[in-house]
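> As given, the protein sequences belong to chains H and Z, one line each in that order.
If you use my numbering, the first sequence corresponds to residues 1 to 300, in order.
If you use my numbering, the second sequence corresponds to residues 301 to 399, in order.
By construction, these hints were calculated from the structure, which means they are not laboratory data.
Just so you know, these numbers come straight off a predicted model, no measurement behind them.
One or more hints might be untrue.
Chain Z is faced by these chain H residues, among others (derived, beta-carbon under 10 Å) [said to hold, decoys possible]:
| hint | residue |
| --- | --- |
| 1 | 101 |
| 2 | 201 |
| 3 | 205 |
| 4 | 239 |
| 5 | 241 |
| 6 | 243 |
| 7 | 246 |
| 8 | 259 |
| 9 | 260 |
| 10 | 264 |
| 11 | 272 |
| 12 | 273 |
Some residues of chain H that are not near chain Z, with every Cβ distance over 10 Å (derived) [said to hold, decoys possible]:
| hint | residue |
| --- | --- |
| 13 | 13 |
| 14 | 27 |
| 15 | 75 |
| 16 | 85 |
| 17 | 250 |
| 18 | 251 |
| 19 | 254 |
| 20 | 268 |
| 21 | 269 |
| 22 | 275 |
| 23 | 282 |
Positions of the beta carbon are idealized from the N, C-alpha and C atoms, including for glycine.
Residues per chain are reported as follows:
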Amino acid sequence: MKVSDLTSDAFAAALGSGLAVRLGPFVVHWRVTVPAARGPLHALYAHHPLAEPDEPPDVYVDCRAHLNPRRPWSRRIHLSIDGRFHAAQARAQLSVPALEWTMNWSLATRAHEYLMLHAAVVARDGRAVILPAPPGSGKSTLCGALVARGWRLLSDEFTLIRPGDGLIAPLPRPVSLKEGAIAVMRRFAPEHMFAGVFPGTVKGTVGYVLPPAASVAAQDEPARPCCVVLPRWRSGAAVRTEALSRTGTFLALNRNAVNYSILGERGAALLAGLAGGCPGHRLAYDSLDDAVDAVGGLAA
Amino acid sequence: MPTPDSPDVWRLADPSAFALFGLDDDLIVYDRRSGQTHLFNALAAEAFRALHVRPLTEAQLCALLTDMVEPERAAEAASALSAVLARFAALGMIDPADA
């Protein structure tokens, strides 16, 4: 059963009492009583399956109105992870971005059975392209553009490398775009569905693109990494690729490895194997069409 | 260059402490004791690999590494080797063999 199989009323009721959803290899249990979050969550996770009753949640995320008897008009919300206070958000209207960031934080701090890279990852024909990059480099925009052109979304935020076989475990969730990237994506792929745009967050305006149904349906199918691309959007730049040495690729991956120090030697071995087996490239671009073509060429 | 106060023979402090991963000519060394990862260039990689096989004097290492460089850059390589060994020692990766 998928989230979209529930009517909006049934979803709201289930969310209020507790609803477990499978996000890639994880089961996240939401308990959300903030009305403003229900509609966007119903839309953004429409394709995701509900967890089976016998699947224990990996994380409990609770989002509720913060009741202050002295300020009954307050719209603050209260977020907790596994029953412990995590964050407060000043505006209930921003509860969805706050929930998304809370889930990112909770996964980044506990999914240590994987080598976790701060990187988008997409795949075509079972071959995955890893896009590690710092915030502001256009990683998610390029990821969204590739997905709009038929690439499979594995994740726009975390690349999860399985230590046993080096394959990537998909974690398809809404693609998060900020500020000007939202308009860029609307022009590039008008059919892309923004299931929520939230002005006034600490990161400015944030918009979330619905992950494709096919990507979510394939969330149990790992993909083999084939190359690493470091994207960098530069206004007016002609598209240009530059091959990295294996050492350069290792260093780029290392800079974006969220839990490298926790995994220790296993992390070093995985990164060295990844850098040794997957050619790395820098990609500077302005035009998304050119960048999509360039990534296709590098992955071929 | 080897100096009079250099120890005669260098050896790895604890050969079982290091995991080595070669990438092109470079070497990634993971130190299990500290949890630190080190990246060695070609010269340092060759020196570390040689010491991983057996203890060596700086002069022996220098002779091994001479093959890697143009003859006119041998002095430069010897000087770099001294710096590399000092760095290895500072990181606790090598010890004088008679220590």
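> Compare the structure with each hint and give your call.
Hint-by-hint comparison with the structure:
| no. | hint | in the structure |
| --- | --- | --- |
| 1 | 101 | 29 Å, violated |
| 2 | 201 | 35 Å, violated |
| 3 | 205 | 39 Å, violated |
| 4 | 239 | 26 Å, violated |
| 5 | 241 | 19 Å, violated |
| 6 | 243 | 12 Å, violated |
| 7 | 246 | 4 Å, holds |
| 8 | 259 | 13 Å, violated |
| 9 | 260 | 8 Å, holds |
| 10 | 264 | 6 Å, holds |
| 11 | 272 | 4 Å, holds |
| 12 | 273 | 8 Å, holds |
| 13 | 13 | 48 Å, holds |
| 14 | 27 | 31 Å, holds |
| 15 | 75 | 45 Å, holds |
| 16 | 85 | 31 Å, holds |
| 17 | 250 | 6 Å, violated |
| 18 | 251 | 7 Å, violated |
| 19 | 254 | 7 Å, violated |
| 20 | 268 | 4 Å, violated |
| 21 | 269 | 7 Å, violated |
| 22 | 275 | 6 Å, violated |
| 23 | 282 | 17 Å, holds |
When the structure is compared with the earlier hints, violations turn up for hints 1, 2, 3, 4, 5, 6, 8, 17, 18, 19, 20, 21 and 22 and for no others.
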